[in-house]
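*Asks:* Residue strings, one per chain:
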Amino acid sequence: MGKIKVSNVHKSFGSVHVIKGVDFEISEGEFVVFVGPSGCGKSTMLRLIAGLEPISSGTIEIDGEDVTHLEAADRDLAMVFQSYALYPHLSVRDNMSFGLKIAGKSKKQRYAIVDDVAEVLQLQPLLDRKPAELSGGQRQRVAIGRAIAREPSAFLFDEPLSNLDAALRVSMRAEISQLQRRLQKTMIYVTHDQVEAMTLADRIMVFSDGIIQQQGAPLELYDRPQNLFVATFIGSPNMNILPCISSKKGVELKNGTPITDKNIAGDPAHFGIRPEHIKLCAKKDANISGKVTLAEHLGVDSFLLVDVPEIGAVNVRVSGGAQLGEGEIAHLKFDQKRMHFFDKKENRLEQ
Amino acid sequence: MKRFNSNQAFSGWMFLAPFLVSLGVFFLWAILRTAWFSFTDYNLFAEPNFVGLENFTSLVLDELFIFALRNSISFALIVTGAQTILALLLAILVNSAARAKGVARTIFYFPSIMSSAAMTLIFLWLFQRQGLMSGMVGNFVNLRWVILSFFVIAIVIQLALVAMARRKYIGVKLFDPYFLLISVLVALISAVIIRMGGFVPVYDEKLLISWLNTREVFLFMPRTLWSVALMNIFTTVPTLMLLFLAGLQSVPISLYDAAKMDGANVFHRFFNVTLPSLTPVTFAVVTLGLIGTLQMFDQVAILGAAAPLESRVTLAFYTYYNTFPPGGSPNIGLASASALTLGVLTVLIVFLQRRFGIKEKLE
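Those protein sequences? They're chains A and B, same order as listed.
To convert, note that position 260 of the first sequence is 251 in the numbering used here; the numbers rise steadily by one, no gaps.
So the number in the numbering used here is just where the residue sits in the second sequence, counting from 1, plus 5.
Hints may contain errors.
[To be verified] Capping the alpha-carbon separation at 30 Å, the derived lysine-lysine pairs in DSSO-like fashion look like this: (1) B/K364 with A/K98; (2) A/K92 with B/K211; (3) B/K173 with A/K98; (4) A/K324 with A/K270; (5) A/K(-4) with B/K364; (6) A/K240 with A/K98; (7) A/K336 with A/K253; (8) A/K245 with A/K335; (9) B/K364 with A/K(-6); (10) B/K265 with A/K99; (11) A/K239 with A/K324; (12) A/K(-6) with B/K178; (13) A/K(-4) with B/K178; (14) A/K96 with B/K211; (15) B/K173 with A/K(-6); (16) B/K364 with A/K121; (17) A/K(-4) with B/K173; (18) A/K(-6) with B/K265; (19) A/K121 with B/K366; (20) A/K336 with A/K274; (21) A/K96 with B/K178; (22) A/K92 with B/K106; (23) B/K366 with B/K265; (24) B/K106 with A/K96; (25) A/K92 with B/K364; (26) B/K265 with A/K11; (27) A/K(-4) with B/K265; (28) A/K275 with B/K173; (29) B/K265 with A/K121.
Since the hints were derived computationally from the structure, they do not count as laboratory data.
Just so it is clear, the structure is predicted and the values come from calculations on it, not from any experiment.
Could you build the full structure based on these sequences and the hints that come with them?
*Replies:* Rendered as structure tokens:
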């Protein structure tokens, strides 16, 4: 239950082509996160799967059945919305049992199910309240409860934590993760927050410009981004991208600084290195050096912005407290095993 | 908080003055005067003498006043109910129009911009004994079998088409618009053939309905007032529709999405999302409607001799009628008593509505 297959799906709103040919399969019990910048089509893709928008072309199958032209109600999916979307005139109990009521379950059955779900989500004290009397976190918990009560084959989450404050977001994230392990149901989760994506997902699909740029396990995206977009989107602070060229002795930056003596097949044009894969070192070991223009000390880590002559600004993340202050010279060494190269078309070059 | 100095206070009062003056003169003073006159025998010319409750007892004993009371209350309830429901349905219709929403809104709003006097004159003409309304109803009655066959054929074809399609595809709706178009067209052609071929009886009765000039009472309201109600609804619905439209546009879309995911069909969504979300607007529409209809005056006044007095008299008209009785001397005392009754009645009905009917806020 909960196998979802999307084949060559396109979606246009009028003359705006939003989803430009998307294919993927989600297996039973998998937690998939759609991530991408706003306007990339991730929420639209979710609404297409939900059946809230008709698709322009392509097919969607759930458990082997073609549901492309089925109404949302007939797809056996439940959805949690960013704005909670609770019925304002109904109590929490009736909100959670609304779908069951429409499905024709008796009051006794409905309330029994709701009581079970309420216990899991610790909602019992709130069951008789109206949504207006709940906090944001409680409302979203009720919305999740409403989804669970329906016992759908898969859950769809549309940026469910975006309206919550930072602390609540972290605890709700952990709860959703636990819930998924407990329910073992397929979940598709849309977010623009890459921390949510990295922590929750079995598999992340990075959307941009209406297509999937890359999909894979969170660490796979981190370690082997397939193109410049994914490289800079995943990871915080962003990966440094520096222009580079092939030379006789390997690859060098455009000012002639050698980066590696390995030969990279293809024609490397962009060199990528994550801030956490740059080390401070002695002057003689350095790849590049520059003056620190900004130092942010977070306690565990420090972020340094180093202005390298002829190259530009380079972000560096060093563990521990303040080692260098603003205005000092930083000597930087790249981790040879953590380098990324991309060609002119911004695609990854394997080493 | 800092107290205002006298200069600031003076400019404050100056800004409030226009409103305070009009409130004082046209509202508070008018009420006090009316209340005082209702206990006197004032007739515009002689000095008023205090007569106690005499005016109120004559009101209760006056058959015309009882008619007016009955007419006003039934008119208010019927028109408010009907116009609220119709305005809501019309707003949903206009709101769901995919194209030309603005044009639809404008067209439906037209009746509201006409003056009620002009509208009443047009309706007077439509409501003639041999007028358009009689003709329409007459046709309907005479062609009842043809019309019935049209509907039966349309429904049968629609059901057949949907049933056939459902064997092949899932998710075909009962009111699929393309099938509906086919069904209606076929039914229309069949109805014409049935009419031409004389397959069902067609009657040729000349119906003469007195829409206005009658003393007949239908249910608890004179037929004349039913006709006036029709006209009143026609002119007020568009304005109320605009209020509902504004309300509809503020209903969050995600609520409809959530309801769709919960399996709610159009009717579930209407009763569980649209209606509850529109509660504050509905309250405003009902309250405005009750106040407006209880004070109904202009349309029955313009009817004039076209209808008998007791069939068209409302409380507001009764007040006017006693202030300026045709051929008699003004009875300001009685008129004031009835005006006061109307005021108290309005407050009472609005209060009862709010207490037991539609609430101001969603709870």
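*Asks:* Against this structure, judge whether each hint is valid.
*Replies:* Here's how the hints hold up against the structure:
no. : hint                : verdict
1   : B/K364 with A/K98   : holds (27 Å)
2   : A/K92 with B/K211   : violated (53 Å)
3   : B/K173 with A/K98   : violated (35 Å)
4   : A/K324 with A/K270  : holds (5 Å)
5   : A/K(-4) with B/K364 : violated (48 Å)
6   : A/K240 with A/K98   : violated (77 Å)
7   : A/K336 with A/K253  : holds (21 Å)
8   : A/K245 with A/K335  : holds (14 Å)
9   : B/K364 with A/K(-6) : violated (47 Å)
10  : B/K265 with A/K99   : holds (24 Å)
11  : A/K239 with A/K324  : holds (21 Å)
12  : A/K(-6) with B/K178 : holds (27 Å)
13  : A/K(-4) with B/K178 : holds (25 Å)
14  : A/K96 with B/K211   : violated (56 Å)
15  : B/K173 with A/K(-6) : holds (24 Å)
16  : B/K364 with A/K121  : holds (16 Å)
17  : A/K(-4) with B/K173 : holds (22 Å)
18  : A/K(-6) with B/K265 : holds (21 Å)
19  : A/K121 with B/K366  : holds (13 Å)
20  : A/K336 with A/K274  : violated (35 Å)
21  : A/K96 with B/K178   : holds (23 Å)
22  : A/K92 with B/K106   : violated (35 Å)
23  : B/K366 with B/K265  : holds (25 Å)
24  : B/K106 with A/K96   : violated (39 Å)
25  : A/K92 with B/K364   : holds (26 Å)
26  : B/K265 with A/K11   : holds (26 Å)
27  : A/K(-4) with B/K265 : holds (22 Å)
28  : A/K275 with B/K173  : violated (77 Å)
29  : B/K265 with A/K121  : holds (21 Å)
Checked against the numbered hints given earlier, this structure breaks hints 2, 3, 5, 6, 9, 14, 20, 22, 24, 28; the rest are met.
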